[in-house]
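Chains as they are written, first to last, in numbering that gives the first Met the number 0: chain Z, 0 to 371; chain Y, 0 to 371; chain E, 0 to 371; chain D, 0 to 371.
What the hints contain is simulated information worked out from the structure, not anything from laboratory work.
In this text the structure is predicted, and so the values were computed from the model without any measurement.
The beta carbon of each residue, even a glycine, is placed where N, CA and C say it ideally should be.
Some clues are possibly wrong.
Part of the chain E face toward chain D, derived, beta carbon under 8 Å [as the list claims (entries may be wrong)]: (1) A61; (2) A191; (3) Y192; (4) D201; (5) M235; (6) S236; (7) R253; (8) N260; (9) I284.
List of simulated lysine-lysine pairs, DSSO-like, C-alpha gap at most 30 Å [claimed, not checked]: (10) K20(Z) - K48(Z); (11) K48(Z) - K269(Z); (12) K142(Y) - K20(E); (13) K142(E) - K48(E); (14) K20(Z) - K319(D); (15) K20(D) - K146(Z); (16) K269(Z) - K269(Y); (17) K142(E) - K20(Y); (18) K20(D) - K20(Z); (19) K145(D) - K48(Z); (20) K269(Z) - K145(Y); (21) K269(E) - K319(D); (22) K142(D) - K48(D); (23) K142(Y) - K321(Z); (24) K20(Y) - K269(E); (25) K319(D) - K145(Z).
Residues per chain, in single letters:
Number of protein chains: 4
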Amino acid sequence: MAGSTYGTVFRITTWGESHGKALGVVVDGCPAGLELEERDIQLYLDRRKPGATGIATPRKEADSVEILSGVFEGRTTGTPISLMIRNTSQISGDYSEIASCYRPGHADYTFDRKYGFRDYRGGGRSSGRETVGRVAAGAIACKILKKLGITVCAYTRSIGPVEADMSGFDRQAALETPTAMPDRQADAAAVAYLEDVRHDMDSVGGCMECLVEGLPGGIGDPVFEKLDANLAKAVMSIGAVKAVEIGDGHEVSRHRGSENNDSFQMREGKAVKVSNHAGGILGGISDGDTIVVRAYVKPTPSIFRTQQTVSQSGESMEIKIKGRHDPVIVPRAVVVMECMTALTVLDAMMLNLSARMENLTAFYGFGGKQVL
Amino acid sequence: MAGSTYGTVFRITTWGESHGKALGVVVDGCPAGLELEERDIQLYLDRRKPGATGIATPRKEADSVEILSGVFEGRTTGTPISLMIRNTSQISGDYSEIASCYRPGHADYTFDRKYGFRDYRGGGRSSGRETVGRVAAGAIACKILKKLGITVCAYTRSIGPVEADMSGFDRQAALETPTAMPDRQADAAAVAYLEDVRHDMDSVGGCMECLVEGLPGGIGDPVFEKLDANLAKAVMSIGAVKAVEIGDGHEVSRHRGSENNDSFQMREGKAVKVSNHAGGILGGISDGDTIVVRAYVKPTPSIFRTQQTVSQSGESMEIKIKGRHDPVIVPRAVVVMECMTALTVLDAMMLNLSARMENLTAFYGFGGKQVL
Amino acid sequence: MAGSTYGTVFRITTWGESHGKALGVVVDGCPAGLELEERDIQLYLDRRKPGATGIATPRKEADSVEILSGVFEGRTTGTPISLMIRNTSQISGDYSEIASCYRPGHADYTFDRKYGFRDYRGGGRSSGRETVGRVAAGAIACKILKKLGITVCAYTRSIGPVEADMSGFDRQAALETPTAMPDRQADAAAVAYLEDVRHDMDSVGGCMECLVEGLPGGIGDPVFEKLDANLAKAVMSIGAVKAVEIGDGHEVSRHRGSENNDSFQMREGKAVKVSNHAGGILGGISDGDTIVVRAYVKPTPSIFRTQQTVSQSGESMEIKIKGRHDPVIVPRAVVVMECMTALTVLDAMMLNLSARMENLTAFYGFGGKQVL
Amino acid sequence: MAGSTYGTVFRITTWGESHGKALGVVVDGCPAGLELEERDIQLYLDRRKPGATGIATPRKEADSVEILSGVFEGRTTGTPISLMIRNTSQISGDYSEIASCYRPGHADYTFDRKYGFRDYRGGGRSSGRETVGRVAAGAIACKILKKLGITVCAYTRSIGPVEADMSGFDRQAALETPTAMPDRQADAAAVAYLEDVRHDMDSVGGCMECLVEGLPGGIGDPVFEKLDANLAKAVMSIGAVKAVEIGDGHEVSRHRGSENNDSFQMREGKAVKVSNHAGGILGGISDGDTIVVRAYVKPTPSIFRTQQTVSQSGESMEIKIKGRHDPVIVPRAVVVMECMTALTVLDAMMLNLSARMENLTAFYGFGGKQVL
């Protein structure tokens, strides 16, 4: 099982390598009747493109999406939506050197161990380019969620030592700054910091965060299919993510129960939590509060310094990576996190439709008549 | 989908509530020919039982496992292994009070939101008792892994502010101390600390860690079924876990690429990493090094202080939880983490069998003849 | 993958062998709020018990079901329902002889090929007793369908050369006659015929049919998850079934399009088909008409005549099967077919809930508020 | 769940409609190291193209396949193989008339019931063109099976009343005759018969058969994932198939156990069956003998006679279908059956790799070292 399918009822299957002819995704299980056009998807793909600033790779990726199936007269038909993005700017020559050795921090070695050989051009299937399929599919999930009053929003929390100040959270800044930080001052500091990093021929890690607002309570299942468990898988499946947390995350390990428990209170006739240490999930099920997910991303493994490694033929050697590489992964990964979160939440919402007998009865009515 | 099934080819389905007649698990896809008896499983169940020390609930849970199917003349037959643990010590009276209100930090509210009502006795399906099925199944996975030369070992890293000193890692201590710490001094400090916590009618969180040693490279799949993604899901599905990390985890966000990259080196004719910041996984696939997973656990939500909450009928109220509750969850969750890790690794190993044409050819031979 | 799980959202996992301690099933994904007690399930289990007549095995199987989890105060909670049936009347001695050779028409040989050895007592997991779990789970599915106005009803069409006359279809007869035929005259003829068969120390095959009435249109998915494809799998998974058909079945191969096409007509403001050659399914999706499924069952392989076979150690030998065996499988398999059909239809109905955007909008409302 | 994915470890996802831009399939889980080029796949696609003879539609479909990913330097890499076939000859004008009414025998009505509307051009996703994705994927499965010494071969058994004489089975004829019959005389008779059918502005059904030779024993799982159950689903999922049978099929219902049981005998030191009424499967598991599957196909629903139907707006009306339609579906469906059978068998073989502890031990060796 090569593992390129995600989701149970809203199910996506991605394909494509860094330097193949094209990349794409098949979205199966999208409800019929959603207005959908290429522009809806392009908007998200554009957010993962390398920007014009100094902090991202100077590669140009057009990443133009084409809808090949599943949409008729501007609406989804309920059948598979096939989306394709042609590769246009890949220069295979850049990578020929690394065909026969293992770059530290990359998947070269493990692919060889697993499959016996690998497509060495630009990381092949383990390249960050693999995420274009996720983002194209996630754009559709986000559009559906928006129609249901739910917004998903990811941004950069920190780059190396530079942290965004969340007290003046600025959503627009997150969409506009080169670092995707919701704080223009921190963004400027991070850009300057990244200049130093690049000058050192080095790279650096960072942290990103995703909020889901408007999600009703009751989403997610107990035991193995907990909403937080599936979010953890979704986010950890993004290359370079090494830690995932919900709500207060790793800090809970030092907290007391009396501070960590969120009390309930009635507000406008509704039970609400007075705080949100839980990050919107209790027992694996959404509690109606904002979902808070955080991901910690390792430094870009491709650095321009000389590194020690071994060759395929078993000899110690030095390697000096060339090519075009971002000094930090986070800003471009933010939209991928947003999309993986949206896909996970939507699938859980669809699975929740059959949670109660009264839902089945309301839907299929008496005498087997479908009432909706 | 109630979500009580875990795994693709080594697949378990757990069932049972805190105060029902029994709890259990069906293990489907276990290879035929494994020697198995109840004692193999009991050993693991005993590790999650409340101990005799002051830090765990004084409840007595016999947790005697019975093998109901799938084993014949002492060996597994390849058909489903049904394991049952009868509930013996549950006192429903303790919980009647909380039937109509929502305990902070518990899943009472979210179960009501999802299902319309809930089995309020002891948390029902969201109780920690649900994990007996996971541990019973995990014991089998661990036995198989051991036969393949792979060991899985979890322990407590910290309880509140008390951290184990990993420099003198003492595996035996982890099995014997009441805190499951691999450091007898830290254990003593943690036990003293927990006395204070209990005296404050409070609880505290902690951190646990799991190592997988001996795992060959090549296990796990690229993209969505990455080994680390599945480990994150497995571990986050344990109630009370709020953060999961691999290798250096959340600290990578402040690291430089030059420190985070693990160089390769030849050692005894084999490529090995000289460090293990990656935690044994590159690009979602095991690299032959030790797998390192960490989980951060929130404080036990059941504390004996008065807390603010609301009732099912929508009134603000105070609640004072009675009953028997551990001041910290970690020591008893350690074996659950070990089992979830084992189940995840074994399933990935089984799925890896068909990764290469040469494996199929070696197995089924020429002319369709099975050679093994 | 031992393959003991069936269904995607209404998902069952069966376990247990002919001569083990017990058999059972875990039903996961049952909606919350369904009234359920053991009697609901016992009713169906009793229908697959050997009767008092001469045509069934004189074995006595109490088959008393116990609900171990998932039901609280008389209603399902949405968590796994574990059902167990203790084995009481198994006499292992009867089977010791066949431990080391392969009975013709049985799975002895193939289990040995697959697993290296087998539980030889009474067929182990390949015994007809395996179906008690399916029937216990199916009883729940039938109860849910009934609440939605849908009935599932299976019966015997023929036993050897004796066919039921469908013109005077008598549903009560199907429940009361020893052959499960909906025709008391044919039943009498079949009973007499079976006496001859038994006298010849032989067995015979037959045909069973299942109708689903009241199912709304729109259930089932195009392409691989067609409703008829899933029914074919469900029914073919019943041991001894060698052919499955929908509507006119194998006879369509000789029909012309002009006779086989069902015309549409308006009736009471609704489009209906004037005939039902299609058996209620077009393009894999229910059309609102009665679903018609038929299964052809091979003769019981256990016959009391001397047969040629080989031993495990590779020698030709003769075998004369002893024990207690029905001369025809059909009458007891009818309720299994009914249950597998119900499970398949219910799962498809649940998956259909997310087929349209307007359903999601109606359910989750605007602003993410759950309206049901 | 739109249901466009098939298989567990060798998993395909098809997409595309009759008159969309393109159709295709993503093959995930294909083992690494298989030599693969477009010609391997084109060979199979060409077999489902309408021929030059009078019996098939005069439409011209180039059906040129393009490999978009998953193959590097002529070999599969273990990552998803994306295959695309551009639509070139679709004339949407032909179908505009049927946009607002329901063709008898087609899925127009059921798609509208399910999704609220449909892509009415040429049947959209319910068109026979959907099968190009299945055939492209199946070609890869067939190539792998061939390397393991296993051949899959389907052909036409009968068209209307004309049956192939199986005594002089001629495999080459099956590949060359316009009817795909393995009997040139019957082919000639069938072609003449089809002329009459076409002259009557009618269509006719038929029967096709598929053999799997060289499959080792032990493939398939007990209970729900029986090999025959999965074959039944695979074959019934082909549009227009109304009955599926294994071995003697529906005729077993009239047979006695003494004739239906296949005796075992030692031959060249191996246990073999002396007959094959079982069709190569016992208890859901292959027995080493030839697998025999049969499918009965309904007459093409598109006939040129006037038919009664209703419009979307609920009025009775007459319809006269235009366009280009085969008078019989079977000859072009034969390769689809072959491919669905190959996909099913290969997936079962892959899942079988972990059936025994000794296989795991042989593969992963002692000390966790991978030995293959």
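Consistency of the hints with the structure:
1. Nearest Cβ of chain D to the Cβ of A61(E): about 23 Å, over the 8 Å cut. The hint is violated.
2. Hint status for A191(E): violated, given a least beta-carbon distance of 16 Å to chain D, over 8 Å.
3. The interface hint given for Y192(E) is broken, as the beta carbon of that residue sits about 11 Å from the closest beta carbon of chain D, more than 8 Å.
4. The criterion of a C-beta within 8 Å of any C-beta in chain D is met by D201(E), whose closest approach is roughly 5 Å, and the hint holds.
5. For M235(E), the shortest C-beta to C-beta distance to chain D is roughly 4 Å, which falls under 8 Å, so the interface hint holds.
6. A distance limit of 8 Å between C-beta atoms decides the matter here; for S236(E) the minimum to chain D is near 4 Å, and the interface restraint holds.
7. Because the smallest distance between the Cβ of R253(E) and any Cβ of chain D comes to about 6 Å, under 8 Å, the interface hint for this residue holds.
8. With its C-beta approaching chain D no nearer than about 4 Å, N260(E) sits inside the 8 Å limit, and its interface hint holds.
9. A least Cβ separation of about 4 Å between I284(E) and chain D falls short of the 8 Å threshold, and the interface hint therefore holds.
10. Taking the CA atoms of K20(Z) and K48(Z), the gap is about 18 Å. The hint holds against a cut of 30 Å.
11. Between K48(Z) and K269(Z), the direct Cα distance comes to roughly 42 Å. Violation of the 30 Å bound is thereby established for this hinted pair.
12. Of the pairs offered as hints, the one joining K142(Y) and K20(E) holds, with about 24 Å between alpha carbons and a cut-off of 30 Å not exceeded.
13. Of the pairs offered as hints, the one joining K142(E) and K48(E) holds, with about 20 Å between alpha carbons and a cut-off of 30 Å not exceeded.
14. Between K20(Z) and K319(D) the alpha-carbon distance is near 44 Å, which puts this suggested pair outside the 30 Å criterion.
15. For the proposed pair K20(D) and K146(Z), the alpha carbon gap of about 28 Å is at most 30 Å, so the pair holds.
16. The straight-line distance between the Cα atoms of K269(Z) and K269(Y) is roughly 62 Å, outside the 30 Å bound, and the hint therefore fails.
17. Note on K142(E) and K20(Y): the hinted pairing holds, with a Cα-Cα distance of about 24 Å set against a maximum of 30 Å.
18. Annotation: proposed proximity of K20(D) to K20(Z) holds, straight-line Cα distance about 18 Å (limit 30 Å).
19. Between the alpha carbons of K145(D) and K48(Z) the distance comes to roughly 44 Å, so the proposed pair goes past 30 Å and is violated.
20. A hinted pair counts as satisfied when its Cα atoms are at most 30 Å apart, and K269(Z) with K145(Y) does not qualify at roughly 52 Å.
21. For the proposed pair K269(E) and K319(D), the alpha carbon gap of about 22 Å is at most 30 Å, so the pair holds.
22. For the proposed pair K142(D) and K48(D), the alpha carbon gap of about 20 Å is at most 30 Å, so the pair holds.
23. Distance hint between K142(Y) and K321(Z) is unfulfilled; the C-alpha atoms sit about 46 Å from each other, more than 30 Å.
24. With a C-alpha separation of about 50 Å, the suggested pair K20(Y) and K269(E) falls outside the 30 Å cut-off, and the hint is violated.
25. Distance hint between K319(D) and K145(Z) is unfulfilled; the C-alpha atoms sit about 44 Å from each other, more than 30 Å.
Checked against the numbered hints above, the structure breaks hints 1, 2, 3, 11, 14, 16, 19, 20, 23, 24 and 25 and satisfies the rest.
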